[in-house]
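Listed here are the chains, written in short residue letters.
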Amino acid sequence: MNLLVCVKHVPDTETAVRINLDDKSIQTQDVNFILNPYDEYAVEAALLLKEANGGEVTAITMGPDAAKKTLRTTLAMGADKAIHIACEHTADSGATAKCLAKAIKENDYDLIFCGKQAMDIDNAQVPVMLAEILGLPNISAINKLEVADGKATAHREFEGGVEVVETSLPAVISCHKGLNDPRYASLKGIMMAKKKPIEDSGCSCSVPDIEVVKMEYPPQRSGGKIVGEGVAAVSELVRLLHEEAKVI
Amino acid sequence: MKALVFVEQRKGEFRKAAIEALCEGRRLSEGGACVAVVIGSNVNGIAGQLGGFGADKVLVADNALLENYSTEGYTAALQKAVAETSPDAVLMAATAMGRDLAPRLGARLDVPVLADVTSLTWSDGLQAVRPVYAGKVLMTVKANKKGAIATTRPKAFLPKESDGRSADVQALEFGLTEVDIKAKVKQVQSEGEDMIELTEADFVVSGGRGMKSEESFKLLDNLAKVLGGAVGASRAAVDAGWRGHSEQVGQTGKVVAPTLYIAAGISGAIQHLAGMTSSKVIVAINKDSEAPIFKIADYGIVGDVNEILPALTEEIRKLK
Numbered sequence: 001m002n003l004l005v006c007v008k009h010v011p012d013t014e015t016a017v018r019i020n021l022d023d024k025s026i027q028t029q030d031v032n033f034i035l036n037p038y039d040e041y042a043v044e045a046a047l048l049l050k051e052a053n054g055g056e057v058t059a060i061t062m063g064p065d066a067a068k069k070t071l072r073t074t075l076a077m078g079a080d081k082a083i084h085i086a087c088e089h090t091a092d093s094g095a096t097a098k099c100l101a102k103a104i105k106e107n108d109y110d111l112i113f114c115g116k117q118a119m120d121i122d123n124a125q126v127p128v129m130l131a132e133i134l135g136l137p138n139i140s141a142i143n144k145l146e147v148a149d150g151k152a153t154a155h156r157e158f159e160g161g162v163e164v165v166e167t168s169l170p171a172v173i174s175c176h177k178g179l180n181d182p183r184y185a186s187l188k189g190i191m192m193a194k195k196k197p198i199e200d201s202g203c204s205c206s207v208p209d210i211e212v213v214k215m216e217y218p219p220q221r222s223g224g225k226i227v228g229e230g231v232a233a234v235s236e237l238v239r240l241l242h243e244e245a246k247v248i
Numbered sequence: 001m002k003a004l005v006f007v008e009q010r011k012g013e014f015r016k017a018a019i020e021a022l023c024e025g026r027r028l029s030e031g032g033a034c035v036a037v038v039i040g041s042n043v044n045g046i047a048g049q050l051g052g053f054g055a056d057k058v059l060v061a062d063n064a065l066l067e068n069y070s071t072e073g074y075t076a077a078l079q080k081a082v083a084e085t086s087p088d089a090v091l092m093a094a095t096a097m098g099r100d101l102a103p104r105l106g107a108r109l110d111v112p113v114l115a116d117v118t119s120l121t122w123s124d125g126l127q128a129v130r131p132v133y134a135g136k137v138l139m140t141v142k143a144n145k146k147g148a149i150a151t152t153r154p155k156a157f158l159p160k161e162s163d164g165r166s167a168d169v170q171a172l173e174f175g176l177t178e179v180d181i182k183a184k185v186k187q188v189q190s191e192g193e194d195m196i197e198l199t200e201a202d203f204v205v206s207g208g209r210g211m212k213s214e215e216s217f218k219l220l221d222n223l224a225k226v227l228g229g230a231v232g233a234s235r236a237a238v239d240a241g242w243r244g245h246s247e248q249v250g251q252t253g254k255v256v257a258p259t260l261y262i263a264a265g266i267s268g269a270i271q272h273l274a275g276m277t278s279s280k281v282i283v284a285i286n287k288d289s290e291a292p293i294f295k296i297a298d299y300g301i302v303g304d305v306n307e308i309l310p311a312l313t314e315e316i317r318k319l320k
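In the order they appear, the protein sequences are chains A and B.
Going by my numbering, the first sequence opens with residue 1, and the numbers climb by one from there.
Going by my numbering, the second sequence opens with residue 1, and the numbers climb by one from there.
Read the hints as simulated data drawn from the structure, not as lab findings.
Wrong hints could be hidden among the right ones.
Below, computed lysine to aspartate or glutamate pairings styled on EDC-like, alpha-carbon distance capped at 16 Å [said to hold, decoys possible]:
{"no.": "1", "chain 1": "B", "residue 1": "Lys318", "chain 2": "A", "residue 2": "Glu243"}
{"no.": "2", "chain 1": "A", "residue 1": "Lys246", "chain 2": "B", "residue 2": "Asp202"}
{"no.": "3", "chain 1": "B", "residue 1": "Lys142", "chain 2": "A", "residue 2": "Glu243"}
{"no.": "4", "chain 1": "A", "residue 1": "Lys98", "chain 2": "B", "residue 2": "Asp110"}
Stretches of chain B that chain A covers, calculated by requiring three or more beta carbons in the stretch to come under 8 Å of a beta carbon on chain A [said to hold, decoys possible]:
{"no.": "5", "region": "19-30"}
{"no.": "6", "region": "61-73"}
{"no.": "7", "region": "131-142"}
{"no.": "8", "region": "169-179"}
{"no.": "9", "region": "240-253"}
{"no.": "10", "region": "280-293"}
One-sided excerpt, in silico: chain A residues whose CB lies under 8 Å from chain B [said to hold, decoys possible]:
{"no.": "11", "residue": "Val17"}
{"no.": "12", "residue": "Ile19"}
{"no.": "13", "residue": "Asn20"}
{"no.": "14", "residue": "Leu21"}
{"no.": "15", "residue": "Asn143"}
{"no.": "16", "residue": "Val162"}
{"no.": "17", "residue": "Ser168"}
{"no.": "18", "residue": "Tyr217"}
Where a beta carbon is used, it is the ideal one built from N, C-alpha and C, also for glycine.
Full structure from sequences and hints, please.
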């Protein structure tokens, strides 16, 4: 199977994000960037399919030069090759999806995997937009997957249950937590990754249709009061919730 | 301005979050038209009541092929609704359905999609505030194209009560055959009928590592029952296998904003806070008085969750 995984280079989730003086972007200096956590499930899903059926796994990313580090991570996990589209970050999923689609179009992939969302701008839109532009079906935010007989069957949660969705291939699938347990790169994997090819591809991003007006910090919650210790404090807490906060 | 709002229903029931989106569409379009769209099978009968929430007209795509959600089927219906109304903006709730449907429609119509927004304004274009970087930053974005789409975060917008009015219902006519739907729902596994969805609950009681065992989550189940709320869990509790992924609150889980959030045995890692800091009132119960959760909680009790939770459940039961 010919498999593609779309990944993103994002700030570590523990990072204390600082806004730049332009109020429209965040500081990237001294910030540790990682493979987007949801993309780990996508990489693992592709590797498992390759191991079961043979084939090749290609990882692709859009981002600054530093994003190649994230591609190396996917190669160390077991991807065979990678494509880097040199591009500055944008808050516009539409522009991103168009640019990715252009780079992908010439290749025939059986399945394209993505994380359900990137943990930076949190749009959760590129996988579905990419599917639409490529004219493919999609299944979003899956946590279970079976691929057989030219079909993929996946589970996706909604508020109140689970949908079991079947699609023909090729298709775009975005991955949620619970799908699998992503592997760690082995030392051998890390050594081998250094020799695997990363192809450079140009950016074809259009002018974004979404303009960032400003970024600001959310209002900080200030700590309230410690009502007391142990069971003795419970009745006072309930009184406060009832009479002061009026929520119960 | 003219707003078109897709109002999600499942099994003939409108989602709370969808009503919130409709009320916001009404507010944004004040002076202009607010048109609702309902998609499903056997949904003609429920459409008119959306007039009570401010819809001037309801467009209905009623087709057996639309009984279950499908990206392709529902996109085709919405595309037709957009073609008939040429709205200035399209709204829908940022639910599992809305977050799949909006980008598909956006890419098809080549309009921008403002995802998971917590506030909206209209001034010659759609402008929104969205939490990014797991809520560490609020980003204001503006769509530079007519007909932009926004998905509204559940519980971020206040719904109004129905005023009982009924709206005119008009059928959407468009061609749809089985082959148009390549990704099809084969089966729907529903949770218990009386389950309250985490993201829609007014009360959420969550447990973390400090709960110590799967067993002690029963204490939270009991408390949730008395409150009429839902149970959540921190990543640590989910990774320990005590609760399912669908109950995880935080950066790799769900974002909740209930009236009351009770965090039991949760230390308050930054990734967890991302999922619950928009709650109206936060209560923390933790045996470590230095736990970061106390820095953002409105009320705190220092102590053992296994002793405090049953007492709290009993006190609230007495109150009700």
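Here is how each hint holds up against the structure:
1. Taking the CA atoms of Lys318/B and Glu243/A, the gap is about 15 Å. The hint holds against a cut of 16 Å.
2. In summary, the hint linking Lys246/A to Asp202/B is supported, as the alpha carbons are separated by about 13 Å, within the 16 Å threshold.
3. Restraint check for Lys142/B and Glu243/A: not satisfied, since their Cα atoms lie roughly 41 Å apart, outside the 16 Å limit.
4. For the given pair, Lys98/A sits about 10 Å from Asp110/B by alpha-carbon distance, which is consistent with the 16 Å threshold.
5. Beta-carbon proximity to chain A at under 8 Å applies to 0 residues in the region 19-30 of chain B; the threshold of 3 is not reached and the given coverage is violated.
6. Coverage of the region 61-73 of chain B by chain A holds. Counting CB-CB distances below 8 Å, 4 residues qualify, and the rule asks for three or more.
7. Coverage of the region 131-142 of chain B by chain A holds in this model, with 12 residues showing a Cβ closer than 8 Å to a Cβ of that chain against a need of three.
8. For the region 169-179 of chain B, the stated coverage by chain A is violated: 0 residues have a C-beta nearer than 8 Å to a C-beta of that chain, whereas at least 3 were required.
9. With a cut-off of 8 Å between beta carbons, the region 240-253 of chain B has 6 residues touching chain A; three or more are needed, and the interface restraint holds.
10. With 5 residues having a Cβ less than 8 Å from any Cβ of chain A, the region 280-293 of chain B passes the three-residue criterion, so the hint holds.
11. Evaluation of the Val17/A hint against chain B yields a held restraint, the C-beta minimum of about 4 Å falling below 8 Å.
12. Evaluation of the Ile19/A hint against chain B yields a held restraint, the C-beta minimum of about 6 Å falling below 8 Å.
13. For the restraint placing Asn20/A at the interface with chain B, the shortest Cβ-Cβ distance is roughly 11 Å, beyond the 8 Å limit, so the hint is violated.
14. The beta carbon of Leu21/A comes no nearer than 14 Å to any beta carbon in chain B, farther than 8 Å, and the hint placing it at the interface is violated.
15. With 8 Å as the threshold, the beta carbon of Asn143/A comes within range of chain B, its nearest partner Cβ sitting at about 7 Å, so the hint holds.
16. Hint on Val162/A holds. Least Cβ distance to chain B is approximately 4 Å, under the 8 Å limit.
17. Interface hint status for Ser168/A: upheld, as the beta-carbon distance to the closest one in chain B is roughly 5 Å, under 8 Å.
18. Given hint, Tyr217/A at the interface with chain B, holds; its Cβ is 7 Å from that chain's nearest Cβ, closer than 8 Å.
Figure legend: structure checked against the earlier numbered hints; hints not met, in rising order: 3, 5, 8, 13, 14.
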